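J.: This is what each chain is made of:
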Amino acid sequence: GAGVSQSPSNKVTEKGKDVELRCDPISGHTALYWYRQSLGQGLEFLIYFQGNSAPDKSGLPSDRFSAERTGGSVSTLTIQRTQQEDSAVYLCASSLGTGVNEQYFGPGTRLTVT
Amino acid sequence: AQSVTQLDSQVPVFEEAPVELRCNYSSSVSVYLFWYVQYPNQGLQLLLKYLSGSTLVKGINGFEAEFNKSQTSFHLRKPSVHISDTAEYFCAVKRDFNKFYFGSGTKLNVKP
Numbered sequence: 001g002a003g004v005s006q007s008p009s010n011k012v013t014e015k016g017k018d019v020e021l022r023c024d025p026i027s028g029h030t031a032l033y034w035y036r037q038s039l040g041q042g043l044e045f046l047i048y049f050q051g052n053s054a055p056d057k058s059g060l061p062s063d064r065f066s067a068e069r070t071g072g073s074v075s076t077l078t079i080q081r082t083q084q085e086d087s088a089v090y091l092c093a094s095s096l097g098t099g100v101n102e103q104y105f106g107p108g109t110r111l112t113v114t
Numbered sequence: 001a002q003s004v005t006q007l008d009s010q011v012p013v014f015e016e017a018p019v020e021l022r023c024n025y026s027s028s029v030s031v032y033l034f035w036y037v038q039y040p041n042q043g044l045q046l047l048l049k050y051l052s053g054s055t056l057v058k059g060i061n062g063f064e065a066e067f068n069k070s071q072t073s074f075h076l077r078k079p080s081v082h083i084s085d086t087a088e089y090f091c092a093v094k095r096d097f098n099k100f101y102f103g104s105g106t107k108l109n110v111k112p
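As they're listed, the protein sequences go chains A and L. All letters in the first sequence, in the order written, are residues 1 to 114 by the working numbering. All letters in the second sequence, in the order written, are residues 1 to 112 by the working numbering.
Hints listed in this document are in silico derivations from the structure and should not be mistaken for laboratory results. Since we're looking at a predicted model, the values are computed, not measured. No false leads were slipped in.
With a straight-line Cα cutoff of 25 Å, these simulated SDA-like cross-link-like pairs (lysine to any residue) come out:
(1) L:K99 <-> A:D56
(2) L:K99 <-> A:V74
(3) L:K58 <-> L:F14
(4) L:K99 <-> A:N52
(5) L:K99 <-> A:L39
(6) L:K99 <-> A:S66
(7) L:K107 <-> A:T112
(8) L:K99 <-> A:L60
(9) L:K58 <-> A:V100
(10) L:K99 <-> A:S87
(11) L:K49 <-> A:S5
(12) L:K111 <-> A:Q41
(13) L:K99 <-> A:Q41
(14) L:K99 <-> A:G3
(15) L:K111 <-> A:L39
(16) L:K99 <-> A:P61
(17) L:K99 <-> A:E102
(18) L:K107 <-> A:Y104
Please work from the sequences and hints to get the whole structure.
T.: Shown next, in the form of structure tokens:
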């Protein structure tokens, strides 16, 4: 079956521009996560959606970062006024939600801010 | 506070040799533990997971891990590695309801 998809796969943008990254989770997965993977670093949690509950935004590094999930499915991560330190791979993952279900990851979006 | 610690950032090993990748986590009442692998230019995929029961967990590609509650460790092992095992490996803990905490990763470099 279809896995988690992300688009675009690569994005190059100029400093100060806004970018939108998209994630399509596996159908039926109620939980959706965004992570940031910087060069040489592990995965940094950004935000978590579970069903219709309020998202856990505790990992967002600044108010330039925001995310939404429409209709409990597709999610968009928006970074406003991008900075060079935002350059990283942004990974999306989905899972069946509560309980001990593991996450399924998308291939990521590589963001480069010049 | 750091929830997951992977002590080795890089592990070089020769093909057909055994390997152990170390993972320690902050103690908690209950945790669910995972190992993920990331091949070059790909997303992460699940290797194995510990939920409960037997402390020795077997995963894909001949990997296994042992949950040690007293040492709060979940080390990953393989008795004989292949070139194709070259990848980055991440240990993760699931707790705080539904949040996952990942280690910083260990790059396994298998040499011929």
